[in-house]
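S.K.: Take the sequences, apply the hints, and build the full model.
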Amino acid sequence: MSGGVDSSVAAAMLVEQGYDVVGATMKLFCHDDDLPDRPCCSLDSVNDARRVCQSLGVPHYVLNLESAFGRDVVENFVNEYASGRTPIPCVRCNTFTKFRDLVLKADGIDAKWIATGHYARTIDGELHRGVDHSKDQSYFLWGIDRSVLGRMLLPVGSQTKAETRATAHKLGLEVVAEKQESQDICFVPDGDHTKIIRQRLGADAPALADGPFVLSNGSRVGTHGGFARFTIGQRRGLPGGFREPMFVVAIRPDDRAVVIGPREELLGRGVVARSVNWLVDAPRVGDRVSLQVRHRAPAAAAEIIRLDGAEIELALDEPVAAITPGQSLVIYDGERVLGGGLIERAAGRRTPLPVRAA
Amino acid sequence: MPEPIYLDHAATTPVRAEVLEAMLPFYGPKFGNPSSVHRWGRDARTALDEARERVAHCLRATADEICFTSGGTEADNIAILGTWRARRSEGRRGIVTTPVEHKAVLETVHQAAHEGADERICRMSRDGVVDVESFSALLGTDTSIASAMWVNNEIGTIQPIPDLASAAKASGALFHTDAVQAFGKIAIDSRAIPFDVLSISGHKIGAPKGIGAVFIRRGTVIEPLFHGGAQDRGRRPGTENVAAVIGFARAAELAVAEREEECSRLQAMRTKLEEAILARVPDAIIHGRGAGLRAPHILNVSVPGVESESMLMALDLRGIGCSAGSACQSGSVSPSHVLHAIGVTPDVAGAAIRMSIGSLTTDAAIQRVSEVFPALVEKARGVARVS
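For the record, the sequence lines run as chains A and B. Using the working numbering, you'd call the opening residue of the first sequence number 11 and step up by one each time. Using the working numbering, you'd call the opening residue of the second sequence number 50 and step up by one each time.
Quick caveat, the hints were computed from the structure, so don't treat them as lab data. Worth double-checking, as some hints may not be accurate.
As the list claims (entries may be wrong) - What the simulated footprint calls covered on chain A by chain B, stretch by stretch (three residues with Cβ under 8 angstroms from a Cβ of chain B suffice, anywhere in the stretch; the number is not a length):
1) 61-72
2) 114-120
Claimed, not checked - Distance condition first, Cα-Cα at most 20 angstroms in a straight line; then the derived PhoX-like pairs of lysine-lysine:
3) Lys171/A - Lys189/A
4) Lys428/B - Lys122/A
5) Lys152/B - Lys258/B
6) Lys428/B - Lys115/A
Stated by the list, open to error - Take a look, some chain B residues computed to stay more than 10 angstroms from chain A by CB distance:
7) Pro51
8) Glu67
9) Glu70
10) Ser119
11) Thr122
12) Leu155
13) Ala162
14) Gly165
15) Ser185
16) Ile242
17) Leu327
18) Arg329
19) Gly339
20) Leu409
All C-beta atoms, glycine included, are put in the ideal place defined by N, C-alpha and C.
M.R.: See below:
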């Protein structure tokens, strides 16, 4: 329970449905004194979660998962940026923290179910998109252990955000009913992710050092202040003076280069992913699926053309923009999440190439 | 669920009926400000002075040596910062303390260090007792104040306060002891033991939260932390919390009067619980057990492999309230600095559960915990094996 409206309403709905609910808030990182007031993870939010539980008449605990979260999520976040990739810490938090470590805590108190405020649904032991597609969070859940699905309860996934707020009012949870949701990463409260990279890797980390802007033909067109400040598809902070809009199309940590190019260079006709995890029995080469390469992107039709243990390659029917190493590839069959993986790179259509070692 | 069992008396205790009764008039007709000249003021003032004498009597001190505070933390702050600031012009910069102090002492010593003090932390035995030799070796002619708690709040070990106080006095340093957990458990005689400053707290002995006292031996100079009035001889300005002071005095008297009988009752219950746990969980580690001298109300046990966070939840869900380590601001459990300081490995420290017994504890409660705790351990170990 983050102290936000979704997990609070989730808890309240379960209490109404007759479950024996135990509230838990995960303490994931150290709260600095200068942390601004934020919608989640701040001390006030812990207090809000506690108050919600108190009003629901259920116990509430704050669980210290700081060191595991630091190891599994924050460290990986920093290392991914240092390797020129763009990580999604929420995916790893779901995989390792919420639906593994927290599940172990649940085991410790004999809790059969684990409930969260995610906008997604579990149906017959399978994961589905949330009913409210504009809030759907199934994209972030592909990495969890399949065996946990049968224990997951996602009460708000079956309703819209507006309905969740209405439920909050109806149940008297005024403390949280109109709380704004956070768009930030919880441990990057001010939106500047380079701070934590500097903190962990030092100010002289190559990812934060000056490097060249280059075109895909190799010509140097400027200097940037550290490739960790960029992600594929980014336009902000690039040199000007081009006839058409320019985008980051690649990041090369080896020579610290940020490659920029016009929109067509951003398009990928295929995608290669590794660390693949299936939430259903693994599909087969030749299967038609839909996929998403980032949160809120429209689903794209594709065909599985290679499946190699934990690696997968898909060919897209239509090109997709900004396929970004480090982001998640999530594979759907309609509303149903089949599985996902970490994007290694965009690939050419129907020309499988060996995957570079991570 | 059966009747809940409160095993966290070292955290706080309920206000005793006698204490509440003594306090009530001061929330009603005797509401006056002790500094006022009229009858209402006189009523309050007389009661306050009398209460001060009664608290002093509990320490074999004189009334002028008792300064009321908002609790143990403020008492520790006055004791350390007050003496450090008063003496720093003499060139005494050293502050000697132990690594197992309550944060109210440790953080206050850090504050003094920010103000120029030289912080020196002594070694501990693995049983949780201050190494007197190490403590003494840190004392010198430049030592301003030395501070050591009488009873450790996490593991209950009793520190050799007479020896430490004598060593500090011999070096010319002032000696402070945080006696928050000791008061009511150990006889405290200010005429027999040469401490200069001593902290006690009300809510650990059946008085309300928000009241405590600091004993300041006659002649000891303290720079006040607050400014703005002449109350308490200028050592602690601010209108006195009269009702709480009255309650505190009553609770202190009761605690001292009942000390021997209550301690043997607690000791017997603690021994029974400890033996029951060890019988069913032979590898359980009772922290501080080897120390010889332990206050009778604290039992701190680690069961290797059974982490305290889940255990605390499981106990609470069965109506048994315990604690672990020290709670941080958010309410989550942080690793114990005390266990770390006495050489307990992080794994074992992360399994520590503190049970502290007191006025609410009955034989029946001990019996039930003796059954529930080992059962939870066995179940947790079963879970751990499966996953």
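S.K.: Hints first: check each against the structure and report whether it holds.
M.R.: Tested hints:
1. Coverage of the stretch 61-72 of chain A by chain B holds. Counting CB-CB distances below 8 angstroms, 3 residues qualify, and the rule asks for three or more.
2. Counting residues of the stretch 114-120 of chain A whose beta-carbon sits less than 8 angstroms from any beta-carbon of chain B gives 6, enough to reach three: the coverage restraint holds.
3. For the given pair, Lys171/A sits about 12 angstroms from Lys189/A by alpha-carbon distance, which is consistent with the 20 angstroms threshold.
4. Our distance criterion of 20 angstroms between C-alpha atoms is met by Lys428/B and Lys122/A, whose separation comes to about 15 angstroms.
5. Taking the CA atoms of Lys152/B and Lys258/B, the gap is near 18 angstroms; set against the 20 angstroms cutoff, the hint holds.
6. The hinted pair formed by Lys428/B and Lys115/A meets the criterion: a straight-line CA distance of about 13 angstroms does not exceed 20 angstroms.
7. The beta carbon of Pro51/B is kept farther than 10 angstroms from every beta carbon of chain A, the shortest such distance being approximately 16 angstroms.
8. Against the 10 angstroms criterion, Glu67/B stays outside the reach of chain A, whose nearest CB is about 31 angstroms from its own CB.
9. The non-interface label for Glu70/B is consistent with chain A: the shortest C-beta to C-beta separation is roughly 30 angstroms, beyond 10 angstroms.
10. Non-interface call for Ser119/B relative to chain A: holds, since the shortest CB-CB distance, roughly 22 angstroms, exceeds 10 angstroms.
11. With a minimum CB-CB distance of about 19 angstroms to chain A, Thr122/B clears the 10 angstroms threshold, and the non-interface call stands.
12. Under the 10 angstroms C-beta cut-off, the non-interface status given to Leu155/B relative to chain A holds; the minimum distance is some 18 angstroms.
13. The beta carbon of Ala162/B is kept farther than 10 angstroms from every beta carbon of chain A, the shortest such distance being approximately 19 angstroms.
14. With 10 angstroms as the threshold on Cβ separation, the claim that Gly165/B sits away from chain A holds: the shortest Cβ distance comes to roughly 23 angstroms.
15. Every beta carbon of chain A lies more than 10 angstroms from that of Ser185/B, the smallest distance being close to 37 angstroms; the non-interface claim holds.
16. Against the 10 angstroms criterion, Ile242/B stays outside the reach of chain A, whose nearest CB is about 39 angstroms from its own CB.
17. In this structure Leu327/B is separated from chain A by more than 10 angstroms, as the shortest Cβ-Cβ distance comes to about 22 angstroms.
18. No Cβ of chain A approaches the Cβ of Arg329/B within 10 angstroms, the least distance being about 19 angstroms, so the stated non-interface status holds.
19. With a cut of 10 angstroms on Cβ distances, Gly339/B stays outside the contact zone with chain A, its closest approach being about 29 angstroms.
20. In this structure Leu409/B is separated from chain A by more than 10 angstroms, as the shortest Cβ-Cβ distance comes to about 20 angstroms.
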